[in-house]
Amino acid sequence: MEFSQQQHYSPQTPAQASVSRVMLNVILALIPGIAVYIHYFGWGVLVNIVLASLFALLAEGLVLAIRRRPVVTTLMDGSALLTGILLALALPSHTAWWVIAVGIIFAIIIAKQLYGGLGLNPFNPAMTGYVVLLISFPLEMTRWNPPLELAEQSMNLLEALRYSFTGSLPQRMDIDMISLATPLDLVRGRLDMGFNLSVIRSEYSIFSNLSGKGTELINIAFLAGGLWLLYRRLIDWRIPAALLLSMLLISAIFWLINPEFHLSPVFHMFAGATMLGAFFIATDPVTASTTPVGRLIFGAGCGLLIYIIRSWGGYPDGVAFAVLLMNLSAPLIDHFSQPRITGYRERKS
Amino acid sequence: MSKLYKFPGGIKLPGHKAISTSQPIHKAPIPDRLFVPLRQHIGSAAECIVEKGQRVLKGQMIGRVSDYVAAPVHAPSSGTVIDIQKFPAAHASSLPSDVIIIEPDGKDEWMQRQPIADITELDKSELRNMIRFAGIVGLGGAAFPTFIKLNPAGHQISKLILNGAECEPYISCDDMLMRERPHEIVDGAKIMRHALNAEQVIIAIEDNKPEAIAALDALADGYDWLLVQAIPVIYPTGGERQLIKVLTGKDVPSQGLPLDLGMVVSNVATAAAVHHAIDLQQPLISRIITVTGSGVRSPQNFEALIGTPMSDLIELAGGYTDDADRLVVGGPMMGITLKTDVTPVVKASNCLLVQTPADHAGEAIIRPCIRCGECVKVCPVKLLPQQLYWYSQAKYHDDLQSHNLFDCIECGCCTVVCPSHIPLVQYFRFGKSEIWKKQQETLKADRARERSEAKTLRLERIKAEKKAQHAARAKKTAAGAGRKKEIEAAVARTKAKKAGDAGSAENATDNA
Numbered sequence: 001m002e003f004s005q006q007q008h009y010s011p012q013t014p015a016q017a018s019v020s021r022v023m024l025n026v027i028l029a030l031i032p033g034i035a036v037y038i039h040y041f042g043w044g045v046l047v048n049i050v051l052a053s054l055f056a057l058l059a060e061g062l063v064l065a066i067r068r069r070p071v072v073t074t075l076m077d078g079s080a081l082l083t084g085i086l087l088a089l090a091l092p093s094h095t096a097w098w099v100i101a102v103g104i105i106f107a108i109i110i111a112k113q114l115y116g117g118l119g120l121n122p123f124n125p126a127m128t129g130y131v132v133l134l135i136s137f138p139l140e141m142t143r144w145n146p147p148l149e150l151a152e153q154s155m156n157l158l159e160a161l162r163y164s165f166t167g168s169l170p171q172r173m174d175i176d177m178i179s180l181a182t183p184l185d186l187v188r189g190r191l192d193m194g195f196n197l198s199v200i201r202s203e204y205s206i207f208s209n210l211s212g213k214g215t216e217l218i219n220i221a222f223l224a225g226g227l228w229l230l231y232r233r234l235i236d237w238r239i240p241a242a243l244l245l246s247m248l249l250i251s252a253i254f255w256l257i258n259p260e261f262h263l264s265p266v267f268h269m270f271a272g273a274t275m276l277g278a279f280f281i282a283t284d285p286v287t288a289s290t291t292p293v294g295r296l297i298f299g300a301g302c303g304l305l306i307y308i309i310r311s312w313g314g315y316p317d318g319v320a321f322a323v324l325l326m327n328l329s330a331p332l333i334d335h336f337s338q339p340r341i342t343g344y345r346e347r348k349s
Numbered sequence: 001m002s003k004l005y006k007f008p009g010g011i012k013l014p015g016h017k018a019i020s021t022s023q024p025i026h027k028a029p030i031p032d033r034l035f036v037p038l039r040q041h042i043g044s045a046a047e048c049i050v051e052k053g054q055r056v057l058k059g060q061m062i063g064r065v066s067d068y069v070a071a072p073v074h075a076p077s078s079g080t081v082i083d084i085q086k087f088p089a090a091h092a093s094s095l096p097s098d099v100i101i102i103e104p105d106g107k108d109e110w111m112q113r114q115p116i117a118d119i120t121e122l123d124k125s126e127l128r129n130m131i132r133f134a135g136i137v138g139l140g141g142a143a144f145p146t147f148i149k150l151n152p153a154g155h156q157i158s159k160l161i162l163n164g165a166e167c168e169p170y171i172s173c174d175d176m177l178m179r180e181r182p183h184e185i186v187d188g189a190k191i192m193r194h195a196l197n198a199e200q201v202i203i204a205i206e207d208n209k210p211e212a213i214a215a216l217d218a219l220a221d222g223y224d225w226l227l228v229q230a231i232p233v234i235y236p237t238g239g240e241r242q243l244i245k246v247l248t249g250k251d252v253p254s255q256g257l258p259l260d261l262g263m264v265v266s267n268v269a270t271a272a273a274v275h276h277a278i279d280l281q282q283p284l285i286s287r288i289i290t291v292t293g294s295g296v297r298s299p300q301n302f303e304a305l306i307g308t309p310m311s312d313l314i315e316l317a318g319g320y321t322d323d324a325d326r327l328v329v330g331g332p333m334m335g336i337t338l339k340t341d342v343t344p345v346v347k348a349s350n351c352l353l354v355q356t357p358a359d360h361a362g363e364a365i366i367r368p369c370i371r372c373g374e375c376v377k378v379c380p381v382k383l384l385p386q387q388l389y390w391y392s393q394a395k396y397h398d399d400l401q402s403h404n405l406f407d408c409i410e411c412g413c414c415t416v417v418c419p420s421h422i423p424l425v426q427y428f429r430f431g432k433s434e435i436w437k438k439q440q441e442t443l444k445a446d447r448a449r450e451r452s453e454a455k456t457l458r459l460e461r462i463k464a465e466k467k468a469q470h471a472a473r474a475k476k477t478a479a480g481a482g483r484k485k486e487i488e489a490a491v492a493r494t495k496a497k498k499a500g501d502a503g504s505a506e507n508a509t510d511n512a
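As they're listed, the protein sequences go chains A and B. Numbered according to the numbering used here, the first sequence spans residues 1 to 349. Numbered according to the numbering used here, the second sequence spans residues 1 to 512.
To be clear, the hints were calculated from the coordinates, so they are not data collected in a lab. Don't take each hint at face value.
To be verified - Covered stretches of chain A (chain B as the covering partner; in silico rule of three or more C-beta atoms under 8 Å from a C-beta of chain B):
id, stretch
1, 12-23
2, 285-292
To be verified - Covered, in the sense of this in silico footprint (three residues per stretch, anywhere, with C-beta under 8 Å from a C-beta of chain A), are these stretches of chain B:
id, stretch
3, 4-18
4, 336-346
5, 395-407
6, 413-419
Note that CB positions come from ideal geometry on N, CA and C, so glycine has one too.
Please model the entire structure based on the sequences and the hints provided.
So this is what it looks like as structure tokens:
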């Protein structure tokens with residue numbers, strides 16, 4: 001009997017994993033965090049996610065069509081969708097549609113497709129998009145609404161949609177109700193003015209036992225999703241472990257030196273985008289280090305930079321900048337962290 | 001039982017072994033035609049020593065060797081040589097190689113044999129020669145001539161490891177051999193141990209083969225130098241270096257051999273073949289081969305003559321199923337796809353795997369590398385496959401070598417776990433062959449340049465020599481001319497002497 005004249009190469013086994021499945025699982029793992037986020041910060045979060053996802057798929061599809069690549073098959077890899085969701089999660093809960101669109105255009109078209117698409121982008125697309133927005137539209141990007149339990153008024157789904165597209169608030173609300181500072185913002189601002197932490201904590205009701213109201217639970221939910229990803233072995237433990245550990249260490253050092261002027265390690269763990277960053281953003285394999293030791297260095301570098309930017313940098317949270325800076329260093333880290341190969345005495349560099 | 005170690009990486013694979021172990025080893029009948037390739041091993045091809053029309057006896061040498069790394073081939077049955085021609089080989093290239101075609105006469109008449117009474121009385125190099133001329137090569141798949149491995153080359157051999165791991169899915173020929181003919185392996189082990197002067201022989205078997213372990217254990221009790229060691233099931237634990245790591249915790253040096261650690265690894269089936277060659281004086285003319293997979297109706301093991309067409313074995317195993325779409329020689333991890341089943345069984349053929357579309361589903365969609373690093377986790381050599389892939393694509397040969405491409409054992413673990421379904425190993429094979437090609441070309445260019453430089457030098461030297469000769473001759477001529485003048489001067493002086501002045505004439509004669 002004659003068989004196909006096409007050459008096939010070993011191994012010839014059924015596929016075990018697929019990129020689409022990995023991306024889908026990462027998106028699934030985000031769901032608890034997203035649910036808690038929506039619960040505390042309102043329907044605007046969902047509007048952001050839906051818009052960002054749609055824009056992301058459109059932008060990616062458009063560029064793929066121009067590049068004459070298979071559109072549907074490539075969109076099925078789920079990476080554009082994930083980028084959209086991650087960017088949406090970084091935005092304030094009520095963000096204008098055009099801000100989201102600009103962010104997505106930068107994330108998908110410039111940071112990803114112009115470099116060649118999935119696997120070839122040197123920088124985390126979602127974080128690139130976010131940083132562009134943060135620098136370009138500081139006003140829009142710092143308008144946070146209070147967590148549910150502190151809010152006098154909140155928007156329903158329709159109102160959130162209308163606000164996103166028209167910028168008009170329901171009559172019972174004014175702009176001050178959705179332009180508050182986050183806990184990290186507050187601490188930075190007040191510490192700079194010379195207040196100590198006990199004073200700041202007593203002044204504002206936004207703080208909770210661990211960090212800020214709502215924020216702490218969102219972080220716990222993202223932590224849970226991240227642990228599930230680790231359990232499913234869909235992400236490597238090294239980056240999140242090194243990131244959280246280095247943050248814990250450096251924040252503990254400063255906190256022990258002066259607890260009145262430095263936030264506690266626990267606060268840092270559960271404030272801002274710590275858990276989202278540790279498990280879902282820094283772990284983006286395309287832009288992170290790939291060697292085992294390199295991943296530890298990469299994670300630790302992210303953790304240190306997040307702390308440094310939060311404490312002394314120009315922005316209240318530092319996850320995006322920290323990740324991008326470490327993306328920049330990843331090739332160098334990889335070069336110097338090649339594992340010792342079996343059968344060699346010395347590490348080869 | 002001794003302490004076991006772990007090698008880095010590796011993967012757990014579904015075994016699919018039971019489908020071919022429910023029936024005993026069947027002896028495949030002598031086929032209508034035997035196709036015996038002259039190259040069935042690593043090294044140079046054997047040289048045909050029979051002619052068309054010649055009658056050959058079973059076991060008669062029909063291809064001889066002159067090079068060191070080579071193995072002779074023998075007639076698998078008695079009959080007539082009907083042709084010697086090119087035939088597609090069971091090799092990735094499917095390139096044709098010289099094949100001796102024998103029409104068996106059905107008598108299966110042996111050549112004359114003289115079994116040896118006591119091997120311990122044999123000189124060790126003579127023993128190795130007998131193994132060499134019996135055409136024994138490694139039966140695990142690599143087909144390296146066994147007599148070379150049995151030469152300790154000055155090393156003290158502490159362990160001879162007989163590899164019965166059989167870690168590739170589907171293959172069960174070693175398992176069945178160990179179950180049914182354990183004494184052949186132990187008898188072969190005795191001979192190999194003697195040749196190597198090895199202190200200990202370890203038969204290593206993955207612990208998913210309890211019947212094989214029990215069969216060999218029962219025999220091992222009689223020998224204090226023989227240890228039957230069960231090892232955990234993980235692919236590729238049957239790789240030479242991985243097996244040594246598991247059993248001893250030692251790493252074979254990258255450029256070295258197990259011999260450097262005082263060890264030799266050989267397949268269990270090779271030991272049985274050594275037993276046949278020495279104790280029974282039967283050269284390597286048959287082997288056990290697994291015919292299996294979801295594409296064949298009755299999977300089982302056959303003892304088939306070398307040269308039996310694969311299509312005959314498929315027939316014996318009930319034929320193809322309707323959805324059979326791919327024929328693989330070897331296992332699914334490292335096997336080679338054949339384009340036709342009109343290919344003979346050779347010494348290295350351990351398994352004939354017939355696949356259906358479901359067995360290789362998902363191959364089609366190849367996505368970009370997302371650098372997830374799954375391949376790094378499973379690499380038993382601790383390479384960075386994702387970097388090697390990058391460099392292979394870019395043809396960065398220097399980076400490929402500095403990232404140790406040549407340490408890749410091509411086990412296929414990285415490809416199996418790749419979520420983007422990138423055929424990584426194929427890229428690495430290609431990268432290796434590109435670099436080899438380039439090295440060959442550099443070598444050729446270097447030689448050509450050296451030759452050209454040598455020629456220039458030689459021409460210059462000849463030129464210089466000629467010049468020197470000319471100069472010497474010219475000097476000589478000049479000297480001759482001088483002498484003429486002196487003679488003339490002398491004559492003049494003589495004439496002058498005749499005129500009277502005797503003293504000055506004497507001086508002139510001295511100067512001449």
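Query raised in the report: Has the stretch 336-346 of chain B got at least three residues whose CB is nearer than 8 Å to a CB belonging to chain A?
Result: This one holds; 6 residues, not fewer than the three required, reach chain A with a Cβ under 8 Å.
Query raised in the report: Are at least 3 residues of the stretch 395-407 of chain B within less than 8 Å of chain A when you compare beta carbons?
Result: holds (count 4)
Report task. State whether the coverage of the stretch 413-419 of chain B by chain A holds or is violated, taking the criterion as 3 or more residues with Cβ-Cβ distances under 8 Å. Result -> holds (count 5)
**Report entry** Coverage of the stretch 4-18 of chain B by chain A, judged on three or more residues with CB within 8 Å
**Finding:** It holds, with 3 qualifying residues against the three required.
Requested in this report: Apply the coverage criterion to the stretch 12-23 of chain A and chain B: a residue qualifies when its Cβ sits closer than 8 Å to a Cβ of the chain, and three qualifying residues are needed.
Outcome: Coverage by chain B holds for the stretch 12-23 of chain A (10 residues, Cβ < 8 Å).
Query raised in the report: Counting residues of the stretch 285-292 of chain A that have a beta-carbon nearer than 8 Å to any beta-carbon of chain B, does the count reach 3?
Result: holds (count 6)
In summary, the structure agrees with every hint in the numbered list given earlier.
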